[in-house]
Amino acid sequence: MSDALLWHRLQFAFTIMYHYLFPQLTMGLALLIVIMKALALRGGDAAWDSAARFWIRVFGINFAVGVVTGIPMEFQFGTNWAAFSKFAGGVIGHTLAMEGLFAFFLESTFLGLLVWGEGRLSRRGHFRAALALFVGSWLSGYFIVATNAFMQHPVGHEIAADGSLRLADFWAFLLNPWAIAQYAHNMVAAVVTASFVVSAVGAYYALKGIHLEGARRFLGIGTLAGLASSVLVAFPTGDVQAKQVARHQPITLAAMEGRFESAEMAEIVLIGQPNVAARRLDNPIVVPGMLSFLAYGTFHREVVGLNAFPRQDWPDNIELLYYAFHIMVGLGTLFIALTAAAAFQQLRGRLASHRPLLWALMLAFPFPYIATAAGWMTAELGRQPWLVYGLLRTAAGASPNVHSGTVLFTLLGFCGLYTVLGLLFLFLVGREIAHGPAVDGGGARG
Amino acid sequence: MVELWYAIVAVFLAAYAVLDGFDLGAGAVHLLVARTDAERRTVLGAIGPYWDGNEVFLLAAGGVLFVAFPAALAVGLSGFYLAIFLVLWTLVLRGIAIEFRSHVEDPLWRSGWDVVFSVASATLSILFGAALANLIRGVPLDAEGWFSLTLFTDFGIEEPVGILDWYTVLVGVFALATLMAHGGSFLAWKAAGVVEQRSRKLSVVLFGVVAALWPFVTWATHVANPTVFATFGERPLAWLGAAAALSGISAAFWGLRAGRGLVAFLGSCAFIAGILGATAAMMFPVLLRAIADPSRSITAPAVASTPGGLRVALAWFSVGAPLALAYFVTVFRLHRGKVPPPREGHGY
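Residue numbers (numbering that gives the first Met the number 0), protein chains in the order written: chain A, 0 to 445; chain B, 0 to 347.
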């Protein structure tokens, strides 16, 4: 791999993973805020109003960072991946432009109304603003996932005379089955992140013995939504997603599992280290037959190993892909266990005094971020060596007219700028958490 | 169809210039028209409900360019690589300056972000002006249809050119003066009290600078690209743009003198949209002009998406564009009238 290609890939990977730390919380939180506003509206419970108000403030800070880190993403298609943009712009340009027109305008309009509109709008009007923001942010997510799904599993296109792609069937492209599965999996994962963050703040207040009204509500909604989403992220959404990979990217499935030999009754790997040079998995702990069953729904189906494919079609970093996938799955399993225990105690009414569980919930919030990042690494590393699966190799997609030193320079620039941004973000969110939800309903504090 | 999409791209870019232009301009005059914290909150409160939506026009313009003319976007963004990242990083800093400033009640924190906001706004105004000038002057497209520009060379307009030369810097300064006057007109309309008065006075002076620079910039444009005005005679849309610009700047002067903020602001909008519209009408069908060899220029018909793709795009565009317009009308209606005096703990 040339230096320039490596820097291009690292820059995109870094900026998109950093960016996505923020939308995953805002998208998940948008749903939880709608639920809180609905509970406030139904029961006339002012504590739910102040809970919602608190999370809207956190949402606002998150959203701002999400917006400013999102703008560079759109432009990097052109700056760093110009050959890819020339090749596929006639197709993916549609979803990227639609995101602006259908989602961003909606979001920017209603965010202002949600953050600053309480008191100016009626209670129902404020609820509707929350609902509109939820719709906008989830629409935005769909257009991006549909763009990615085209790169994973291109459908609805044809190849034009000059070799570039053009749109042949708009609806096939927009309703790509890959997009629908990936979207469901991704959005439920966003709810996991938001639920864990809400629970963590609730657990923190409960352990400190402050803001107990808020803590009770945060723990209630956080653990129940956390359990529901943790289950859904594994089954059915994760399961469907894995079956799609097995069907359309069998080589990726083999690499995710560090599987070199083909076999029926293929075992699933719990632990082990892929040794690509020796083409084997070192020190594995496995469950026999499970991979065949999970990938194809039957134990007798053969799972094809990497050796069956030409070396140049293997994903180029099998070790990282393998670990990313196993970290995601491992963490996902732990999420179900933790949220099940917490939700059980919550329903018994004992969570607020269960200190070990509160500690676990408080410290657990970074892990959904890690699992989400690992999940996207699995998707994107698994797509290699292709930029558009089967149609354009990653090496052929980078801008031919940008020097490697220039890309390294901008990559370092992003590292610096985003470090500063991260510190500012933590400082401001920390202040909000320290301030806590105001019970008196004194309006939005800046 | 190709003409229509060229027009849509031009309209979105002009809408971006007019809309984000007023909040960039308000940012550039921020430190001049607002001195106390309350005054500065008035400026931020005036643009607060709009700036985020305005910025979406930049993304939407990029989006429609991507759909309609993918190769132009790919070649242009990668060729201007460093300048684009300068713009992106400045946009990041400016965005967080607006959003984070009022979260902490500390004079040092707020003054710091005010400076970031104002300097970033001024820098962006200059860069966007220079970007337009680069498109007019042209870029060194090679035989494969790519180019790569350094930030500057010897500041001459002959090859080897850089992104900044005497012409692009001149247009950058012109854009700065124009957007400052534009932002000032917006504040003269939306703000009250001392901010309104200062903005009005400053805008009159700035429009004077703009009016003085305008003929000079026009001459320089002719020097940088003698082909631009060659088409003027046969493009009625360019006449319309020129007429809008002339009457716009006159209306702006009159509105500011007469204390009619809205008239001044609309005049200023017409001035910017007119200049950009006329430029686009005269440049058509060129998207990226090759500086030495005109046959290498990237033109709209040559790089347009297929007619089928453009038809599909037009279908969703005719649903989405009215929706976007409706949101904008809603926001402007909800925030009609002067900005209310700032309250601590509420908004910007």
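Be a bit skeptical, because a hint or two may be false.
[Stated by the list, open to error] On the chain B side, residues computed to face chain A include the following (Cβ under 7 Å):
id: 1; residue: S77
id: 2; residue: P106
id: 3; residue: V330
None of these hints come from the bench; they were simulated from the model. Every residue gets a Cβ at the ideal spot worked out from N, C-alpha and C, and that includes glycine.
Which constraints among the numbered hints does this structure fail? Numbers only, ascending. 2
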